[in-house]
Amino acid sequence: MNSNFRVRNFVLISVALYLVLSLIAGYFNWPDLRRVNLVANVFTSGNPDSTGIAATSDTTAPIVIQKIASKDFNLYKRANLITSFNSDTTKPSLYSFVQKLHELKSGKKRKIRIGYFGDSMIEGDLLSQTLRKLMQGEFGGAGVGFVPVSTPNAGSRATVIHTFSNGWEDENFKENSRKDNLYLSGHTFHGNDDWFRVKDQTVKDSSAIIEKSLLCGTSGNAVTVMVDGTSQTIHPVGIFNRIPLRNDVSTAIKIAINDESLPVYGVSFESASGIIVDNFTFRGITGVEYNKIDSNFLKAVAEGNPYDLIIFQYGVNLMFRPNDMNFNWYAKIALPAIKKLKAAFPQADFLMTSTADRAFNYGGEYKSAVGIDTLIKVQASLAYETGSIFYNHFETMGGHDAIVRWAAATPSLANKDYVHPNARGADILGHYLFEAIMKDYHKLNHTK
Amino acid sequence: MPTFDLPAFLKEFLYDPKNPLLFNNGFFVFFFAAFIFLYYAFRNNIRTRRYIFCAFSLYFFYKASGLFVGLVIVSAIVDFFLSNAIYRQRNKGKRTALLVLSVLFNLGMLFYFKYTNFFIAVSNEMFHATFNPMNILLPVGISFYTFENLSYTIDVYRDELKPATKFSDYLLFLSFFPKLVMGPIVRAHDFLPQINEPYKITETDFAKGFFLIISGMFKKLVISDYLTLNYVNYIFDDPGRYTGLENLFAVYCYAAVIYCDFSGYSDVALGIARWLGFNIPVNFLSPYQSKNITEFWRRWHISLSSWLRDYLYIPIGGNRKGSVATYLFSALFFVGVFFSSRYLFSLSYIISGAITFGMLVLFLLPALIKKDKAGIPAGMNLLTTMLLGGFWHGASWNFIIWGALHGIALTVHKIWMLLTGKALAKVNNRWWYNAIAIIITFHFVCFCWIFFKASDLHAGMVMIKQILYDFKPSVWNAFFNNYKPVLGMLLLAGLLHAIPDSLADRVIGRFKRVPLIAYIVIFFAFVVVYGYFKSAEQVLPIYLQF
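These protein sequence lines map, in sequence, to chains Y and G. Anchor point for the first sequence: position 155 equals 155 in my numbering, and the numbering is continuous, going up by one each time. Anchor point for the second sequence: position 62 equals 62 in my numbering, and the numbering is continuous, going up by one each time.
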């Protein structure tokens, strides 16, 4: 028997039924069915929020913004602008930092130290490597700066060749059974017949003298370390120590340590003068972890590494659920951490950046996290309240849904986790940040 | 209250580059209903029915790829006239000239759209030139219909096929909408005779077609899309951020994704064809159940591997003799092995030379073992076929490497059979031997998928490195808790794949006539499941190391 009529009957009945159900669902605005609604494209809904996203936004700022006549809080929304919220935007915001840059540019020999603090967005020296290259190109200086003893994903960092033995004991923000002082990187290592080797890939001038120093805590005793195969006795007596090991044109160093009691942080590659950019990345954190570090230890670190600019870039890990709209809890715990860091590094300008864009899948379509505007407002109010300086990565990279466009670009600029710009994208962010710093720097000339 | 948006409604009928037509668009539902209504209404008027079919197919093409629909029409015209000219022409030289013309036309078109930028990039690197890449978009389905054109004119040339006498027959063969985007590659001698047959299908055809369509959609739209968005994409994008365990599962998931995607699409095409009274040969036969790599290629994308056998492997000499192409591509391969060892993996000249020599010996071994001179070109022909077959999948080194790996594996398997065939005759039918063989074959295929999917060679190597040196089994609990839905979906894919191919046929055969309402219920159940997973909360990556 020929059953061809069954095909027609099935298709026509199913489609008719489907259409009727779609119209009913559309009429009553059942958001859960939008993705399979046949008529979703041709009916504009009467309800402005038809995406099914909860609109209970908490827009009140967590911190009471004190209205000061000379300040304009809303400057935080501007792209490509480093702002101290000063209404007069012709004056520099990184006031003391750009003065120091000016001294360096005018020929004075001095080191300018930038500490770039961040989460996985700057892992692998992303962003900071671009900033370092451009700043050193403009103002001089050489060396990759700080490199920890070991890192996950060490192979993907292009600015160093980094190898290490497997025995290092790693105390960190997530696990610190020894109750160690953790370094700015969030880690402290202990080695028992362990080694690490770092080759700085950023130094292009083969005649540049690079000082290579061991950064460590103290064990109370003199310690013998092997430096490139030669044994050397060091005396780490302070709670934080910067111990120069070699000062020559070589760009690699291998350090072996056989003293478990010595807390080891890493090695630093620095020229005697110019710009040094240290990358302090730790996955999955929000910056509040710095509140756990002891103030006296931080002050000792500040004496050893007098930072001139601290860049503080977090936020993406606060958006770990797609529908979060309230970040007041973050403001409460971040405030003491920021105040603590600021107090420990009084000579540094403190630049807080907003999170970059992050997107979630809302009913089948990737869009910026619904809470991102609120989060950035919270971040800006933290900067405003603590007298810090603010820079908006999110607006600079293109605002809403930028990460979706970046992931879709050819070649792509971001990963399809819709969180992380890739190396190409991070390079663009680094250029933007550099240009914003330079814009601020050039305001110095107008002021004078 | 929702209001009807007329401009949006009218725009639905035009091609939208952001939303090309696929089986899962809402528009397709209406398209298909209108088509079935007309196809059935004119079922006894063969000519009108054919014209309706052509019109809908071309319109589908237009909605899927815009003005590139013109390419299909032009290539149908060219090949229709050339094939008839070949058929009428009795002079052997002129016949060959016409065939060469057809081959040049089809390959030229494929080459221009698919490979121009690849060769611009290669020549820029080799000669330090700076040609700008051209702004060429890849027309949807071009890889499939150029191959269909080629097999058609070659069959006519070989006197194996009488060319279509009506242009609309040929146009329909080429543009038949169910197979447009991802095949299968249909052969004219299978398809053409079915076009003008009475529209007659049995109850089994109806049930089997329904099963193929729903199961194909489920594989493609539920399993494959879910795993891609919620796991595979972000791990493959930046493998260095994830532990070896996560990377290994990304490879397994991708194996599921590519199978479900490809075979799911094929199944839908076969199912729709079945409903319209057409039988298209099956394209996938549970390929991951293969016990060796040779068997894998008999079960994976069968329409492509048989095409490559008939129109590439055999013409360049098959297992008897070599040809210019054989030695050209084989020589390129060995040069490529040498240079990639030397410059990609920074090995010394001596080691690179040794590896290249080893490869050469490998491909000569079957001939040496059999003491058969014809074995030498046979091995090289196989290599050439796999290299070009890999390249067909896309214009990048990744696919060439992928093809080369499979070519090497096919040869290794051949040697293994020659060396152990007799010795293992007693055990090689035991279940445990088969189980081991299936596991090894599956893992080799997975290993090759890394190169197939990775964005570039470097990303692929990072992935392998993570799996080998950064495996971290200790993260299992955290991994399992976070990725439960992903692992569940992977398990489901595995179970579906494990079901014997004949089971569905046997079950369908047992039922006499199921009332229509049962089909409708199953269809809507599918829609709900599809809608649920489409908007399910995402599985987000966790970072398992600090």
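Source of the hints: derived by calculation from the structure; they are not laboratory data. Do not rely on the hints blindly, as some may be mistaken.
Stated by the list, open to error - DSS-like, lysine-lysine: derived pairs with alpha carbons at most 25 Å apart: (1) Y:K367 <-> G:K18; (2) Y:K111 <-> Y:K443; (3) Y:K91 <-> Y:K105; (4) Y:K199 <-> G:K422; (5) Y:K67 <-> Y:K77; (6) Y:K332 <-> Y:K111; (7) Y:K174 <-> Y:K133; (8) Y:K111 <-> Y:K100; (9) Y:K174 <-> G:K472; (10) G:K426 <-> G:K370; (11) G:K422 <-> Y:K174; (12) Y:K367 <-> G:K534; (13) Y:K367 <-> Y:K71; (14) Y:K367 <-> Y:K100; (15) G:K371 <-> G:K321; (16) G:K534 <-> Y:K254; (17) G:K426 <-> G:K484; (18) Y:K367 <-> G:K11.
So, going through the hints one by one against the coordinates:
1. Y:K367 <-> G:K18: holds (16 Å)
2. Y:K111 <-> Y:K443: holds (22 Å)
3. Y:K91 <-> Y:K105: holds (19 Å)
4. Y:K199 <-> G:K422: violated (55 Å)
5. Y:K67 <-> Y:K77: holds (17 Å)
6. Y:K332 <-> Y:K111: Not OK: K332 of chain Y and K111 of chain Y at ~35 Å, beyond 25 Å, violated.
7. Y:K174 <-> Y:K133: violated (31 Å)
8. Y:K111 <-> Y:K100: holds (9 Å)
9. Y:K174 <-> G:K472: At roughly 17 Å apart (the allowed maximum being 25 Å), K472 of chain G and K174 of chain Y satisfy the hint.
10. G:K426 <-> G:K370: The given pair, whose Cα atoms are some 22 Å apart, holds under the 25 Å limit.
11. G:K422 <-> Y:K174: violated (59 Å)
12. Y:K367 <-> G:K534: holds (15 Å)
13. Y:K367 <-> Y:K71: Answer violated: K367 of chain Y to K71 of chain Y is near 33 Å, above 25 Å.
14. Y:K367 <-> Y:K100: Since the Cα atoms of K367 of chain Y and K100 of chain Y sit roughly 41 Å apart, the hinted pair is violated (cutoff 25 Å).
15. G:K371 <-> G:K321: Satisfied, since the Cα-Cα distance of roughly 15 Å is no more than 25 Å.
16. G:K534 <-> Y:K254: This hinted pair is violated, its Cα atoms lying about 52 Å apart.
17. G:K426 <-> G:K484: With a Cα-Cα distance of about 42 Å, the restraint between K426 of chain G and K484 of chain G is violated, given a limit of 25 Å.
18. Y:K367 <-> G:K11: Within the cut-off at roughly 24 Å; holds.
The structure fails hints 4, 6, 7, 11, 13, 14, 16, 17 (numbered hints given earlier, in ascending order).
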